[in-house]
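The listed protein sequences correspond, in order, to chains A and B. FYI, in my numbering the residues of the first sequence are 1 to 880. FYI, in my numbering the residues of the second sequence are 881 to 1021.
A hint or two may mislead.
Selected chain B positions facing chain A (Cβ under 8 Å, derived; list incomplete) [what the hints assert, rightly or not]: (1) 957; (2) 958; (3) 1004; (4) 1007.
Treat the hints as calculated values from the structure; they're not laboratory data. The model shown is predicted, which means the values in this text are computed figures rather than measured ones. Quick reminder that beta carbons are idealized off the backbone N, C-alpha and C, glycines included.
Now for the letters of each chain:
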Amino acid sequence: MNWIPNIFRRRKLYDDLSEEMRLHREERAEQLMREGMSRNDAEQAARRAFGNSTLLEERSREVWQWPTLESIGADVRFAFRQLRRSPGFTIAAVLTLALAIGANAVVFSILDAFLLRPLNVARPSSLYELQHGNEASGYQSYPDYLDLRDRNRTFDSLAAYTANEVGLEAGGDPAEVWIEEASGNYFDALGLQPFLGRFFHEADEHGANSAPYIVLSYDYWHTHFQDDRNVGGRVVLLNRHPFTILGVAPPAFNGILLFFNPAMFVPLVEHPLLGVDDLTTRGNRWVFDTVGYLKPGVTPAQATADLNSIGQYLEKTWPKDENKMTFKLVRPGLYGDFLGRPVKAFMAGLMLLTTLILLAACANLGSLFAARAADRSREVALRLALGSARSRILRTLFTEAVVISLTGGVIGLIGSVVLLRAFSAWRPFTGAPLYVTVNPDAKVYLAALLLALISGLLFGAVPVRQVLRTNPYEVIKAGSGSRTGKRISMREVLLVAQIAICAVLVTSSLVAVRGLGRSLHAHFGFDMDHTMLAEPDLGMAGYTGDRVLPMQKRMLHAMEGIPGVEAASFADAVPFSLGVGDAKVFHDDAPDLRPVNAAANAYTFHIAPGYFRAAGTTLLSGRDFSWEDDQNAPRVAVVNAEFARRLFGSVSTSIGRYYKLRDGTRIQVVGIAEDGKYYNLTENPQPAQFVPILQLPSGGTTLIVRAKPGLNNAPPLLAAAMRKTMRELDAGMPVIIEAREKPLEVTLFGPRMATVVLGVLGLMGAMLSITGIFGMAATSVSRRLRELGIRVALGAQHREVLQAALGRAVKLLVVGSAAGLALGMLAARVLAFVVNGATPRDPLVLAGVVLAMAALGLVATWIPAQRALSVDPLALLREE
Amino acid sequence: MATVGVLLPVGLTGLLIPVYSMPVVNMPMTETTSRDLFPGALEMMILESLRRQPAHGYALVQHIQQRSKNLLQVEEGSLYPALQRLLKAKLVRAEWGLSSTNRRVRTYQITAAGLRHLEQQISAFDRMFEGITLVLNPGRS
């Protein structure tokens, strides 16, 4: 412990040491003078005899220090001083890195939240979702779920859940909320504890509608029940039925689906009260998802085999209702492969792109750094001459680089936290509680700082070769202007790399934009212009059974009566809305109606007369329905061309022919509608059938109202008129009124987000490239100013001057762009996952990239070009 | 930490450069030359000289060079790191005073611990020297 007093005495020690050494040299000098040397010679000789006093003093001081730590501290302070001296460089460098590292932090956080973070339940690693073997969905029917739950031997427990939208009355205005209906063992199986009150359990279920209980989600309890701790026992109405609140779910639990945030959890057995399906129809697959924990020691393969055997049993026992039933165990959270696969692909691609941005930023900084080091070659040479080791000088340079990169990293991290908070608070969909809370955690911070460190070391390494080769004597004699004429310098390689990366990003952005544009203008089969939708909740308002159709007719007439309305109709659901259903259809001569014999699985719409006119769907042949196509009339349908092709072979001969539904109903085709898209922007042509809602009534109602084009019928005005009309009909009935385009937002969300993100990244890449090219062009011009002056004096034209000044930079731009374009084509394959219709081999994309890079080059070299052209040879030569 | 700016006249170019704690490490010239016999040799000789008589840096250098009949060419300044090491290990003591010629000097004196250390080092050195001699000249005893 005797070093403690040493710290205080150290200053005195150092001073004593300096003085001592000085006195020593004086004494030697005096000795030599006494021997007859002149003062100057004596002093010089004394110094030489003493040795390298700076070095010796340093070594003497080191005795009292922790040399490594303190010299690193010295380096850091030195770095700060050097950086403060050139604020332009420092700010540019720090900002560049902050942007790049911030982008990486944001993407990594999102990646973490979506893919890496385990679900907020017990033992998430053994929780699996039961996905169908032949398609990426997990829908089951309730009886099938019961069989799976009771007959399996490989799962500890199987729970099921589904989502539903219901009308809630809790003392205030009625509101539409999204809830999650979960099986009785849901909470117990997931090993959760209630935050308040209690959960519902399997023991509470005694058959359909036997457990009218609610467990509130923590967020909903916080926002809509004001943290009321006495909420347990309160009775509220869901779809006009009383339910009792039991308790509150733990915070940070919003169900199994990552992005779905229900307001409350209700037992699955209550579904008949809240939805249109029952618990007994085996063929009706309305239960959204089933998840379960593997028994300890059981492998997924064993469980899959077990489930498949149950599936076979079910197929054999109920052949009419069951299709081929196979299973695949997948990770829950992103609904298995449905979202999981595209999300994984997109995030991987995004991570790659942001890493590329970081590399480009490092390349940018590397060349800046190299230029800086070249300018400091004199200082380096002096330090070498004074006795510094090259490794020490390199350490100083690296310290400077790491200081820049860590500062940039911290700033970028702060920026990313702000951005992520905004992202978590963002509610992109007004109709459904679909959002993800992304908050960076320790993993992200660590990763960001690590990235910063590595970047610092990377671009700090660029001038290494330069420093190692410095010959101090040459530099001091000749001045730092001497430059070895290299063919291709490191700076140029880095610039080409930067430009290539930028070109890749620009290509990706353009491909995504094109793909998005193409999918938006795909043939939808209906016209979205001047069209509004109204979705009333008839069930909520008490219109059930026989009261439904008269109310629907009243609403239709009221809509038609609004001035400016050209056509109106209604259907159970419209394409791209959430209620689109499908059904198996069979040939007229099918031997039996088992699902395996189905001719097609057709989208099914139950429509009222006048639908096609209101929706803007063209009828290719035949007729629309009329009010005479009711329960007493023969069963008819209008099918789309794809349906006709699949069932009857050709479109032209389909009118008048028959086909069968699963329940045996024989239906005659009376009209052919155009093909279109019904559920997914990226689907291949699908068959669709339109059946009269009078003959096959359905629960949901969506009104379609088409207005004549004109200012008087602008969407807000039309919406207001519709709302007023609906309120006049029934003030207590909740209605959602939105433009026809709105339901597509859910489908368009992915591609739109992708395009936005890629656009942003493309911009960042462009900025980096512009600074890179500008830097190179500017230094090239300033260094060769004299040469350019001579050329002009000798009669060079503008073109020749520009060629001399910027030729190299432009050549690098072209090489980089070509490389980047080629790479971008390959990269665009990844994009195709998310932005369908995005084909890289698009001449518009090629042209776009070329134009973009050319524009970039133009912007970057504008100022240096001006400088080169305005060179005045007389002024320059006079300065000699 | 002292922020001392040392003005260093650089002989060749005559520039004056403010240099803060010149980066210094391992210059080959001061590490492994013919001047250092082995690590600790210098310390040993300093201790021995101080044992005979307390002295300041310059006098020590003179003393060592004279006694070794100029066989050992010690770079004068290289004494000082060694002296600092001895100071830190409390093997010597230093204090300011006036020399016989009325110069301001810092005189070093060996301590009791220093004496003990010296004894150990000398006997270790003797053993080593004997060992080397035996290897080089097997005939001699």
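Here is what the structure says about each hint:
{"no.": "1", "hint": "957", "result": "holds, 4 Å"}
{"no.": "2", "hint": "958", "result": "holds, 6 Å"}
{"no.": "3", "hint": "1004", "result": "violated, 22 Å"}
{"no.": "4", "hint": "1007", "result": "violated, 28 Å"}
Violated hints for the displayed structure, listed by number in ascending order: 3, 4.
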